[in-house]
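Line by line, the protein sequences give chains R and G.
If you're matching positions, the first sequence starts at 40 in this note's numbering and goes up one per residue.
If you're matching positions, the second sequence starts at 187 in this note's numbering and goes up one per residue.
Just so you know, these hints were derived from the structure itself, not from any lab.
The hints are all genuine.
The calculated label-pair distances, taken between Cβ atoms and stated as ranges, are: (1) Phe348/G with Leu265/R: 38 to 48 Å; (2) Lys94/R with Arg311/G: 47 to 57 Å; (3) Ala259/R with Asn277/G: 44 to 54 Å; (4) Gly290/R with Lys393/G: 55 to 65 Å; (5) Val231/G with Asp99/R: 52 to 62 Å; (6) Phe260/G with Ala237/R: 42 to 52 Å; (7) Trp246/R with Arg311/G: 45 to 55 Å; (8) Cys222/G with Ala237/R: 18 to 28 Å; (9) Tyr44/R with Gln430/G: 46 to 56 Å; (10) Lys393/G with Ser307/R: 46 to 56 Å; (11) Lys94/R with Leu370/G: 49 to 59 Å; (12) Leu398/G with Ile57/R: 20 to 30 Å; (13) Ile57/R with Glu378/G: 16 to 26 Å; (14) Tyr327/G with Lys148/R: 33 to 43 Å.
Interface residues of chain R toward chain G, partial, derived using beta-carbon atoms under 7 Å: (15) Ser59; (16) Leu74; (17) Glu141; (18) Thr153; (19) Ile154; (20) Gly168; (21) Ile169; (22) Phe309; (23) Gly316; (24) Ser320.
Here chain R is said to cover these stretches of chain G; the calculated rule only asks that three of the stretch's residues, wherever they fall, bring their Cβ under 8 Å from a Cβ of chain R: (25) 305-317; (26) 472-482.
No experiment lies behind these values; they were computed from the predicted model shown.
In this text, a Cβ means the ideal position worked out from N, Cα and C, and glycines have one as well.
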Amino acid sequence: MDSKYNIKEIKRQYVLLIWSAIFVVYGFVFYYLPLGGWIMAFQNYKPKTGLLHSKFIGLDKFKFLFEDDTFIRVVRNTLAMGVLNLVTSFVMAIVFAILLNEVRNKFFKKPIQTISYLPHFLSMIIVTGILHDALSANGIVNEILVNLNFIARPIDFFAHKEFFWPIVAFTNLWKETGWNAIIYLAAISAIDPTLYEAASIDGAGRWQKIKHITLPGIKATIIILLLMNVGNVLNAGFEIQYLLGNGLVKGVADTIDIYVLKWGVSQSDFSLGTAAGMFKSVVSITLIVIANVIARRTSEERLY
Amino acid sequence: MSEQTKEAVSDLEQSVSVSKNSKKVHQVEDRIFMVCNGIFMFLFVLITLYPVLNTLAISFNDGIDGVRGGIYLFPRKWTFENYITVIRKQNLMQGAYITVLRTVIGTLTSLFANALLAYIISRKRFLFKAQLSFFWVITMYVNGGLIPIFLLYKGLGLTNSFWVYVIPGMVSAFNVLVIRTFMLGLPDSLEESAQLDGAGYMTIFVKIISPLCKPVYATIALFVAVYQWNSWFDAMLYNRMNAQFTTLQYELMKLLASVTNQSSSVDSMKNAAGAVTPVSIRAAATIVTILPIVCLYPFLQRYFVTGLTIGGVKE
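Kindly generate the complete structure, drawing on both the sequences and the hints.
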């Protein structure tokens, strides 16, 4: 049956096979081997004794995690900021794409789009640095707010817990809105232009055209991207929080990744760090699987 | 009969006048919409650009004069002192050197590896096409986590070395899939006719397929280069003790931390040579860091737009 696996074909493809072997070894070492490290989560891992001889302690580390108030809070923070980021970045990217599409003047449209990508290419170090300046006591935001008489005296935004999540969401929006809009703009440009012409003849205004043609036209793209990003909800929590967080807002700023870093690297409790990281991975994979099942369902519905 | 016709005519007239009316309403509506949209776009551009332009202004402004505040889009007291200080800073220059090195080496090796893997799994007759693709797709979703990876790199001797920036991230399944999608769009006859001429797989890859993949290669190269240029966490985690392997972004981060901790202290100003402050130095360092990217990305725009669209559609 497997007539394609004959000697002649193998000889013909030997170059491809050798390179594949190299890629498999590489992938195994850098992506699959770390999964073996998950054993540490069930051990009292000591670097001295190593993975093979450390004592197994069952689920003790997980028990510790779920009884640790800090960990529970950290999971809450990660989820809250992940969901907030997901929702706001989605809405903003779609709104921006639709509105930019309505800018008919090429002279403006192109430069606006180019500028909108700019922040995506800046590192989080630079973005948070810039933001820190803008939101500092003598920064531009406070200056505007004071001059407009919204507030009497400058607010130290980074000292108040209630501002932290919105700041993170805003940072994310500032950096990625233009970039995220690319795919929607592509989807919009794929919509049949005769639909718009027909609507114009029927007397539809811009607003109606957006509502009845553009939005339905990119609905499929929106759903697919939404489902794709659900699995990333827990991944949205390291750089910004690590760079912008400080002692005063720790309670709302720390995420699972920061927890792992603190326990695993700074405190050298490798087992606990691994357990927390494993919890995150498992939850992420579960979310992805659920999202994929939903995606398959919705695409089937679209077929009929 | 005639009454019916009359009715029909009047109906028609009515509907025409309604449509005329609604057209007028829409013209007003459209006008309002366009004005609001214009304001929105103006604010969007302003919010995006202002912080960058403000940093630029601060970087050219006398540091001590800048403490008074009130600098927006233009420097008040011009100086190049900040840039001179940045260039004289040993650690920043070492960081810049390593960053350039890792961007160049990292991008070239990664592009080669991703392209080659994409080439292999896009060959129709390749025996393990499905298995090899599956093996790599899994890596997009499953991740060992920080600690196991840290211990692995340590075990492999990658910590405290330059190669931790290049080797671990060399192959990325997402990038491979983007390139593969592009390659699948090329006609099979190219490969077949080259094979008839006696070309081997590697010759076809280098001489026939790769030249046609320039747009998608440019996209992936840009993605990888930006990632390399902007990385700081790996420098902090794996090369914290090695000043020789520091990166520009990591040095910038340390600079930011020092600014946050002592922004109001006068000591830091006294220590600094000339009329510079941590704030003004950081502004200059920021501009130096983003300059190459800002100069480059507008020209690669059409590439990454197509690349991203291909990748998104494939997903």
